[in-house]
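**Student:** Listed below are the residues making up each chain.
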Amino acid sequence: MTIQEIYNAVLAFDEVTVTAKTQAEIDAGTAVDTILNDGLISAMDEVGEKFSAGDLFVPEMLMAAQAMKAGLELLKPLLSGETARSKGTIVIGTVKGDLHDIGKNLVAMMMEGAGFEVVDLGVDVETDAFVTTAAEKGADVIALSALLTTTMPAMESTIKAVKEAGMSTKTIIGGAPVTQAFADQIGADGYSADAPGAVEAVRRLIA
Amino acid sequence: MSSKGLSGGIYKPLSPESIETLHDASLTLLEDTGITYESGLEETVAMLASAGARVDSGGSRIRFPRELVLEQAAKAPSQVILYARDGKNDLDLTEDKVHLGTGGAAVKILDLETGEQRSSTLKDLYEIGRLVDGLNHIHFFLRPCIPTDIPESEYDVNMFYACLKATGKHVMSGVNDEVGLEKIVEMASMLAGGEEELRQKPFISAITSFSISPLKLCTQSTKIMQACNRRGIPVALSAAPMSGSTSPMTMAGTLAQLHAEQLAGITICQLTQPGAPLLYGGIPGMANMATMGYRGGGVECGMMNAAIHQLAAHIHVPNYNSAGLSDAKLPDAQAGWEKAMTVLLGAMGGSNYMHHSAGMLESMLTVAHEQYVIDDEIIGMACKVLRGIDVDAEHLALDIIDTVGPAGNFMMSPHTMKYMRSEYFQGNGVTDSKSRHQWEQGGSLDTRERARGIARKILQTPEKSYIPEAIDQKIRQKFNILL
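Protein sequence lines correspond, in order, to chains A and B. Just so we're aligned: 137 in numbering that gives the first Met the number 0 is position 138 of the first sequence, and the numbers increase by one with no gaps anywhere. Just so we're aligned: 266 in numbering that gives the first Met the number 0 is position 267 of the second sequence, and the numbers increase by one with no gaps anywhere.
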């Protein structure tokens with residue numbers, strides 16, 4: 000039952016209860032994977048669905064992600080190497096010339112909420128930084144954000160650089176002016192209109 | 000959050016001097032020009048004559064001394080409460096408190112599934128009632144369409160029955176004749192637990208179109224109006240002259256004539272039953288000068304209806320009038336702007352009971368399910384304006400700004416969580432604010448299609464009768480219920 004309580008507490012944005020119940024499950028000897036997948040991650044999946052349906056607002060999604068993260072912090076030291084790595088690693092940032100980070104931060108939080116290892120390079124990120132960090136971390140996906148129409152070309156040059164470096168790392172893009180058509184045009188592997196969709200896109204690319 | 004009963008009075012098309020001028024002009028009209036009547040009203044005319052009205056020797060003109068009019072108008076209650084049976088939609092009609100709801104006597108409906116225009120039925124009336132019951136910003140249910148599929152002799156009882164079964168909101172309708180009124184009062188008393196209970200908390204009321212503009216009493220409606228006065232049933236003194244045909248072409252002339260008609264009607268009601276609950280029912284409108292039909296969607300409808308509220312408020316009587324009409328044939332962009340204009344102006348004006356405000360198209364000829372959904376949104380937004388902007392320490396949020404600090408953001412502030420669903424209007428879902436991508440994924444639906452989806456969803460919820468089964472059986476034994 001406590002797994003369900005963790006799930007409910009994430010949906011209630013209740014960080015204190017998530018922490019307490021997660022600790023209780025750990026103490027009771029419940030499998031870490033079960034707490035993670037059935038309690039925390041599946042709750043965030045529902046949060047994502049509710050957000051996409053328009054039933055939750057961005058701040059509520061963020062609060063849920065924050066509550067989820069509090070539980071995740073307790074689990075992290077206990078995760079086996081394989082479990083920790085199994086979900087995948089994402090390098091994320093807002094492209095060169097663009098200082099907008101709200102959307103990018105949302106995606107990063109949702110990725111963490113889905114159990115991915117997230118390396119956030121921040122805003123105004125140089126093309127080289129994406130490439131070298133992804134190589135260092137052995138990233139599965141590079142996620143690029145842009146709000147300005149004028150910085151969209153920086154997405155194209157970053158994707159080009161990844162390909163020229165001969166890396167197998169996948170790329171996804173997002174941001175207000177970005178469309179699926181633009182993603183296809185510049186050769187991105189994935190696109191999403193919102194943060195929960197970005198999680199889905201990454202899951203598809205890694206699976 | 001309820002949007003009913005908020006205070007308007009922030010749009011005043013008439014200056015205090017103009018109100019005085021119009022009021023005086025109306026009293027002069029009643030004194031000098033007077034009103035006329037048809038045969039059958041002898042008792043009413045005799046009542047007026049004995050109170051001091053001058054009836055000319057030919058017996059066709061009644062002139063009112065202004066003292067008589069002012070004395071009787073002062074007896075009309077300044078507050079009328081129209082009750083609801085759902086425990087949450089009582090209407091406190093007084094001062095500048097604003098309520099908006101349905102109205103009309105449309106004979107056509109745009110079919111929810113085919114989108115085609117067809118004649119309206121008793122079942123349509125019932126379904127629209129259920130739809131309105133599920134829409135939060137439509138504050139009352141005034142019978143909006145005529146059941147053209149049943150005999151006219153069965154209208155009165157069946158229209159009220161369909162409305163009372165479908166919704167717990169206040170129900171108002173016109174009545175065909177005095178016999179119909181008797182039946183309706185009997186039926187409503189069965190629901191109330193007795194006629195005295197109904198009188199104490201009237202959850203039905205009647206529209207009586209006593210005045211045939213210009214300045215003529217309608218015999219049948221005047222009699223029904225007086226019968227309602229005697230029974231304590233609240234009445235709306237509906238009169239709807241059209242500038243250019245049944246009132247002068249000008250707005251001021253239309254208002255002066257209409258206010259005179261109202262003062263005459265109020266005088267009759269108060270002489271019939273002092274203190275009788277009534278709504279000043281002036282509905283100023285315009286003729287379509289190209290066709291001589293009714294022009295519902297003009298922006299001046301909003302202006303004149305706000306002005307008539309000022310004239311009603313001047314004599315301290317709550318008012319019934321009109322907003323939200325459109326001459327558009329479909330729930331299209333024109334319908335949107337015409338309705339938004341007159342509903343917003345009406346709400347800002349402070350009219351107490353604005354009918355026609357939801358669901359109507361083609362002036363007063365056609366209703367559409369989806370239009371009720373759209374108009375619920377328009378009414379909700381217009382009433383939101385009346386809430387104004389709260390400026391206090393909590394809303395100024397200086398401590399929150401300080402905590403977040405320069406270059407931070409407010410997305411996860413508890414203050415944001417507290418106010419994000421209440422500070423700004425949250426609609427019924429018909430307004431699209433999705434990204435293009437999401438909108439395309441949802442089927443690229445336009446306003447009308449989104450509204451139809453919401454209407455279907457409401458109508459698909461399990462039916463809930465507002466008439467208890469035992470009483471329903473008694474009503475069906477007593478009356479010829481065709482629903």
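Where hints are given, some of them may not hold.
[Claimed, not checked] Facing chain B, from chain A, some residues (calculated, C-beta under 8 Å):
no., residue
1, L10
2, F56
3, L98
4, I101
5, T132
6, A164
7, M166
8, A192
[Stated by the list, open to error] Calculated pairs, EDC-like style, for lysine to aspartate or glutamate (alpha carbon to alpha carbon, straight line, at most 20 Å):
no., chain 1, residue 1, chain 2, residue 2
9, B, K164, B, E115
10, B, K433, A, E48
11, B, K417, A, D13
12, B, K417, A, E135
13, A, K49, A, E72
14, A, K95, A, E155
15, A, K136, A, E125
16, A, K49, B, D176
17, B, K417, A, E59
18, B, K417, A, D37
19, A, K49, B, E196
20, B, K222, B, D176
21, A, K49, A, D37
22, B, K456, A, D54
23, B, K433, A, D54
Please keep in mind that the hints were generated in silico from the structure rather than gathered at the bench. Predicted model, so just to flag it, every value in this text is computed and none were measured. Note that the Cβ used here is the ideal one computed from N, Cα and C, for glycine as well.
**Student:** Evaluate each hint against the coordinates.
**Tutor:** Going through the hints against the structure:
no., hint, verdict
1, L10, "violated (14 Å)"
2, F56, "holds (6 Å)"
3, L98, "violated (11 Å)"
4, I101, "holds (7 Å)"
5, T132, "violated (25 Å)"
6, A164, "violated (30 Å)"
7, M166, "violated (28 Å)"
8, A192, "holds (4 Å)"
9, B/K164 <-> B/E115, "violated (27 Å)"
10, B/K433 <-> A/E48, "holds (15 Å)"
11, B/K417 <-> A/D13, "holds (15 Å)"
12, B/K417 <-> A/E135, "violated (43 Å)"
13, A/K49 <-> A/E72, "violated (24 Å)"
14, A/K95 <-> A/E155, "holds (11 Å)"
15, A/K136 <-> A/E125, "holds (17 Å)"
16, A/K49 <-> B/D176, "violated (54 Å)"
17, B/K417 <-> A/E59, "holds (11 Å)"
18, B/K417 <-> A/D37, "violated (30 Å)"
19, A/K49 <-> B/E196, "violated (47 Å)"
20, B/K222 <-> B/D176, "holds (9 Å)"
21, A/K49 <-> A/D37, "holds (18 Å)"
22, B/K456 <-> A/D54, "holds (17 Å)"
23, B/K433 <-> A/D54, "holds (12 Å)"
Hint compliance for this structure: hints 1, 3, 5, 6, 7, 9, 12, 13, 16, 18, 19 are not met, and every other hint is.
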